[in-house]
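Novice: Chain residues, written in single-letter form:
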Amino acid sequence: MTAQDVAQLIYLLSAVLFVVGLKRLTKVRTAQAGNMIAGVAMLLAVVGALLEYQIFSYQWIAIGIIAGTVIGAFAAQRVPMTEMPEMVAIFNGVGGAASGCVALSVLWGEIIEKSVTGTMAAAMGGDAAVTLFLSIIIGMVTLTGSVVAYLKLSGKISGSPILLPGRHLINALLLVGSLAAGGYMAFASSGTDQTVTLALGLSGAAALLGVLLVIPIGGADMPVVISLLNSYSGVAASATGFVIGNKVLIISGAMVGAAGLILTQIMCVAMNRSLANVIFGGFGEEGGGGGGKGGEYENVTSCGPEEAAMILENASSVIVVPGYGLAVAQAQHAVRELGDLLEKNGAEVRYAIHPVAGRMPGHMNVLLAEADIPYEQLVEMDDINPEFAQTDVVIVIGANDVVNPASLTDKESPIYGMPILEVHHAQTVFVIKRGLGSGFAGVKNVLFERDNTMMVFGDAKKVIQGLASELKETVPGLAA
Amino acid sequence: MGELLIGIYVLVLSSFVGFEIINKVPPTLHTPLMSGANAISGITIVGALYAARHAEAKISVILGCVALAMATINVVGGFMVTNRMLAMFGSKKKK
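If you're matching them up, the sequences are chains D and Y in order.
Numbered according to the working numbering, the first sequence spans residues 1 to 480.
Numbered according to the working numbering, the second sequence spans residues 1 to 95.
If you are wondering where the hints come from, they were derived from the structure by calculation, not from laboratory data.
Some hints here could point you the wrong way.
[To be verified] With a straight-line Cα cutoff of 30 Å, these simulated BS3-like cross-link-like pairs (lysine-lysine) come out:
(1) Y:Lys24 / D:Lys247
(2) D:Lys27 / Y:Lys24
(3) D:Lys247 / D:Lys23
(4) D:Lys23 / Y:Lys24
[To be verified] Cβ pair distances, simulated, as ranges:
(5) D:Gln390 / Y:Asn23: 30 to 36 Å
(6) D:Pro374 / Y:Leu4: 50 to 56 Å
(7) D:Ile55 / Y:Leu13: 28 to 34 Å
[To be verified] Heads up, incomplete: computed chain D residues facing chain Y, CB under 8 Å, no partners named:
(8) Asn35
(9) Leu50
(10) Ile63
(11) Gly72
(12) Val88
(13) Val94
(14) Thr240
(15) Ile251
(16) Ile262
A virtual CB, placed ideally from N, CA and C, is assigned to each residue, including glycine.
Can you make the complete structure from the sequences, with help from the hints?
Specialist: Written out as structure tokens, the structure reads:
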């Protein structure tokens, strides 16, 4: 058996472990092991590659690996839990860019630096030539799209949709243009100068396309976008696999591509929107002129922590609804403390998790888990909705659109039809919020005007801590 | 054509595996799963190793080195971040 054969068998083992790892990542109990298995699979793939390819020098390999490891490990260690979605977006972007760079490297190495006189297709085969430019295009779109998603999530640019006139036409032209340039480069271009120009031109067009594709999408939809871009980076890796004829790349890339697509679909279903609607309709656009948007608030009742604590003291069932405001205020530990106090006081405490609360599905679960809130107390939307009618107090912490009853009643509202947590059925609803500003969707929340709703204005963490200390004062036994 | 056809077979079947694996996922795991899948897409590190295996400082090799650094960031960062998220679920269960 040659080293080549051994390498192929290692790749096979690696691919099998990727399947096992990904499968385990879908169950809570096995997820951590699944991640480890996938990590081992990756290591095996690297070993396989070092065996398969004749390595002429380790110089650049060492530089690349060391630089990547240091940066990656440093970023992964330092990022706070609240900024996970942004981090995933960036990792995803560099992953896509890496695939694009491999394709560019092959283009330079096989064609340009060898001063090949014929066409690319003649020199390296039509399939390699086509997948090469596809890999560049998808990689670049993934890179710039992810960067825009990152900027939107981190608030460095506005989260609201930026709608250019004629953007669909511009995007279509960019896509067709870069594909045409790729096709010409693969089958017709001869002469290295022309090939270089085409390669740079299609990279630039694809990069611009990535920006323009994500810019019109509102911040609330960024999770869907990241998931979709995650799928793209898989497809880019798969295309790269065709370029260099490597099966483990094709397999893992295709698997991630498909898995990312399904996950995107799951998220869209949770928001009751189609993928096409997310991508083509800037959020709120179709509801323009309708009665559901904006508007002043009337009859809003608000109270301070003291009053809220008095009502909480007598509550026997409490449901906490966390949202992005909780993440921003880093209030998860304060919430845990308040929850413990309420439980000591004899109340049943549960946490209602909307599938798209926060900036990414599962965002809230991760945050609450960080504060050691028992997994069993986190209840999903469909299970908790029938329970609100029998609940004394609901505490909404920095969530907005996901508790807006307008989605059930107001056909004019842009969020009409989105499934929500029906907190308005509860006896009392406290909404902890910094002000009456609208949520990500830019829609007025009719919950705030209801008679059973009381607004508690302030930073989520401070308000929760205030509630906890008021509770301790009024109920003497709790402080101990 | 043989090699290309095998590649297409592999592509289609792997896509189906991807579709089938992800059908029921508790929302808790959506973020970690996305992050884990994202780390797996760093498999392009294999391609980057191929591209960076020469000694000369040519454009192709520099591009390969850049690709390798980026792919490694994706892989190392991706798995570590996923592990950090999942560790929170783990530690809690022991109590």
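Novice: Against this structure, judge whether each hint is valid.
Specialist: Verification of the hints:
1. Y:Lys24 / D:Lys247: Measuring from Cα to Cα gives roughly 28 Å; hence the hint holds.
2. D:Lys27 / Y:Lys24: holds (9 Å)
3. D:Lys247 / D:Lys23: holds (20 Å)
4. D:Lys23 / Y:Lys24: Judged against 30 Å, a Cα distance of about 10 Å means the pair holds.
5. D:Gln390 / Y:Asn23: 30 to 36 Å: holds (33 Å)
6. D:Pro374 / Y:Leu4: 50 to 56 Å: Since the Cβ atoms of D:Pro374 and Y:Leu4 sit about 53 Å apart, the hinted range of 50 to 56 Å holds.
7. D:Ile55 / Y:Leu13: 28 to 34 Å: For Y:Leu13 against D:Ile55, whose Cβ atoms are near 30 Å apart, the range 28 to 34 Å holds.
8. Asn35: For D:Asn35, the interface hint holds, since the closest Cβ of chain Y sits about 5 Å away, which is under 8 Å.
9. Leu50: holds (7 Å)
10. Ile63: holds (6 Å)
11. Gly72: holds (3 Å)
12. Val88: Cβ of D:Val88 sits 5 Å from chain Y, so the hint holds.
13. Val94: Nearest chain Y Cβ about 4 Å off; hint holds.
14. Thr240: Since the shortest Cβ distance to chain Y is 5 Å, the answer is holds.
15. Ile251: Since chain Y brings a Cβ to about 4 Å from D:Ile251, closer than 8 Å, the hint holds.
16. Ile262: Holds, because the Cβ-Cβ distance from D:Ile262 to chain Y comes to roughly 4 Å (cut-off 8 Å).
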